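Undergrad: Letter by letter, the chains look like this.
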Amino acid sequence: MKIVVSNLVKSIDRHCILDGVDMDIQPSAVNVIIGPNGAGKTTLLRIIGLLDKPGKGQLFLNERRVESYSSKELTTLRRKIGFVFQHPLILEGSVYRNMAYGLRVRKLTIDKEKIEAMLIRVGLNGKGDMEAKKLSGGEKQRLQLARIMLLDTELFLMDEPTANLDPISTRTIEMLVQEIVREGKTVVLSTHNLVQARILGHKFFFMKQGRVIQEGPAQEIFNRPVSLDIAEFSSAENIIYGKIVTENNSRSLNTDKLRICIATSHEDGPAAAVIRPEDILLSNEPIVSSARNSFKGRIILIMDMGIFLSVSIRCEDQIFISFITRESANMMDIKPGQPVYITFKSTAVHIIKK
Amino acid sequence: MNYFFEGFKQALTLLIPPSGEIIGIIVLSLMVSASATVLAGFFAIPFGVTLAITEFRFKRVVIALLNTALAIPAVLIGLMVYIIINRRGIMGFMGILFSPWAMILAQAILAFPLITALSMAALKGIAKDTKDLALSLGASRFQMAAAVIRQGKFAFLTAIITGFSRVIGETGMTLMVGGNIKGYTRVMTTAISLETMKGNFEIGIALGLVLLTVALLVNILLQWLQGK
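So the sequences go chain by chain: A and B. For the first sequence, the positions run 4 to 357 when the working numbering is used. For the second sequence, the positions run 290 to 517 when the working numbering is used.
Hints may contain errors.
Unchecked claim - Covered stretches of chain A, as calculated for chain B (at least 3 residues, CB under 8 Å):
#1 40–54
#2 77–83
#3 87–94
#4 148–162
#5 186–196
Claimed, not checked - In the DSS-like style, the derived pairs of lysine-lysine whose C-alpha atoms are separated by at most 30 Å in a straight line are:
#6 A/Lys-75 x B/Lys-298
#7 B/Lys-471 x B/Lys-442
#8 A/Lys-75 x A/Lys-110
#9 A/Lys-75 x B/Lys-471
#10 A/Lys-130 x B/Lys-442
Just so you know, the hints here were simulated from the structure itself, not pulled from any lab data. Model, not experiment: these values are computed from the prediction. Beta carbons are placed, not taken as given, at the ideal position from N, Cα and C, and that holds for glycine.
So that you can see chain A by itself, here it is in the shape it has in the complex:
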C-alpha cells in the first residue's frame, strides 16, 4: 500500500495536534516515528489507520485522497490495515474469539488450525480458550499483533507497541516485526525506545509539536540531526554548545575555554556541535595527523558497554565521550584519572545552528 501524507493538519477540541505533517512512507520497510510525548504520533497513526478523519491537508492511500473513497471502499481499504494500539484493546470472551473476529467480519472461513499455528508463532500456545482479558500485558500485546497477522494485512500500524512491556514480550514483538517486513509488508511504528528504533527501522521520522522535522535513514537522523531537539532526544553523546567564530579564514566553534575547528556553511553565532563518539580518537601521547582538533584531557569515567567501552574525558570546560574497543583499552592501559589526548577531524563535527 502506498501512503503519502501531505500538509496534514488536525485539531481536536480546538487544540492543534498535527500542524502540517508531510510524510512519504517507504513500502515494505519499517518506518519509525520517534519524538517526544505529545508530538502527534498517535493521532497521525490513527488517521493513517482510517480510525480518525484527517482535518485539513491530505492523506493519499494508493494515490487517491481518502476523502474520495466511499464508505464501502473505506471498509475494504481498512481491511488491508492492521493496528496495534499502545494499550491493548481486547474483545470480551476468549483469545480464540479475539483471533476469529477479523475473519468473521470479512466473512472468511475460521480455520481453527491456522489460528492455533498463529498463537504458537506469537508464543500464546494453549491459551486459545482462555479469557482474553485475563492475559498479562505482554500477552495481550502479542494477541493484538497475532490477530492482525492472521488477517494478512498489507500495512501494520503500531503505536508504541512495546511501551511498558516485559523484555520477553518486547523481544518477541521486535522479532515478529522483522518477520512481517521480510514478508514484504509495510510497518509504521512509533516508539520512544531508540535502541529498538535503530534495530528495526529503515526509515525514520522525527516528530515534534505536530510536525515531522527530519526524515531519512538512521545515519542521517542520528549523526546529522537538523535540530538540537533530535540530538537531545536521541541522547547524542557529544553535544557541545558554543559560538561559531570566523577568524583569518578559519572557522571554529568556541566554548569558554575550547576552540573546536569546524567545517560548516552556517553563519557565525550561537550553535551546537554534535560529534559521534566513534569519531573521537584517544591516545596517550599527542599525535601528529591531518585532524585539526586535538585536546589534552583527563579520563573521568570508563563504562563497559559490552562490546566496547565508553570513556568520558574532561577537556577544560567540556566533557567528551569516546567509544573504544576493549583491545584498544587494554593496549593503552587506561584508568580513570589518567591524562589522555583526544583527536577528531573538523569534518566529524556536525553543526546545528540554534
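Given chain A, work out where chain B should sit, using these hints.
TA: Just chain B, lined up with the frame of chain A:
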C-alpha cells in the same frame, strides 16, 4: 399507632390470599409500566448508541437538551400528554385519554431521556475502545455498531430496569392522564394515593408492600447485573 398495626394486619389479610381487585391493580401496574419501558427503550437505546458512537454537528446541543429533559417534572409531562390527547388535542381523535394507553404513553415519555442518558453514559466508557477495536479489525460501520451493542448489553438492561423502577413509582402524571378509574386505569400508586385520602390505610399499606417488593426485586436484579 394502633391504627397502623391494625391497618398492617388487615393489609396482610388482603394480600394473603390476595383479593381479585388487588391482583387486578398489581397486574395493570406491571403491564403498563413494563410496556412503557419497552416502548421507551425501543427508541432510547438506538438513540443512546448513536450519541455514544457518532460525531455530528449539534451533538453537544442534543446532549444538553437530553440532560434538560431528565430534569422535567413528571407532572409537566402529564400536562403535555393531556394537552395532546384530550378531545381538542392533536391526537384527540384517538380517544385514549383516561385509558391505559395514555398512561403507557406518558410513562414512556418520562423514561425515554433516562434510558437514553444511561445507555449513552454506560457506553461512553466502552464505545470508543470497542469502536476502534472493531474498525481496526476490518468491521464495517454496521458490524462496528453491532459489536458496541453486544459489548454494552448489560448496560442496556441496567438502563431499562432503572427506567422501569422510575415509571412504576410515578403517581401524579399517571393520575392526570389515566384518571384512576377503578378496574380500568387504577394502578398501585394511584390506588395508594386515593385509599389514603379515604382513610383506608389497609389497602394503601398492602399495595405499598407490593411496591416495595417490586423495588427490592428490581434492585437485586440491578446489583446482579452490575456485578456482571
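Undergrad: Against this structure, judge whether each hint is valid.
TA: Results for each hint:
1. Residue count for the stretch 40–54 of chain A with a Cβ under 8 Å from a Cβ of chain B: 3. That meets the three needed, and the coverage hint holds.
2. A stretch counts as covered by a chain when three or more of its residues have a beta carbon under 8 Å from one of that chain; for the stretch 77–83 of chain A and chain B the count is 3, and the coverage holds.
3. Using a Cβ-Cβ cut-off of 8 Å, 4 residues of the stretch 87–94 of chain A lie near chain B, which meets the minimum of three, so the contact claim holds.
4. With 3 residues carrying a beta carbon less than 8 Å from a beta carbon of chain B, the stretch 148–162 of chain A meets the three-residue requirement, and the given coverage holds.
5. With 0 residues having a Cβ less than 8 Å from any Cβ of chain B, the stretch 186–196 of chain A misses the three-residue criterion, and the hint is violated.
6. Restraint check for A/Lys-75 and B/Lys-298: the C-alpha separation of about 69 Å exceeds 30 Å, so the hint is violated.
7. Under the criterion of a C-alpha separation no larger than 30 Å, the hint pairing B/Lys-471 with B/Lys-442 is inconsistent with the structure, at around 38 Å.
8. Distance restraint check for A/Lys-75 and A/Lys-110: the Cα-Cα separation of roughly 15 Å lies within the 30 Å cut-off, and the hinted pair is therefore satisfied.
9. At roughly 58 Å between alpha-carbon atoms, A/Lys-75 and B/Lys-471 are farther apart than 30 Å, so this suggested pair is violated.
10. Between the alpha carbons of A/Lys-130 and B/Lys-442 the distance comes to roughly 26 Å, so the proposed pair stays at or under 30 Å and holds.
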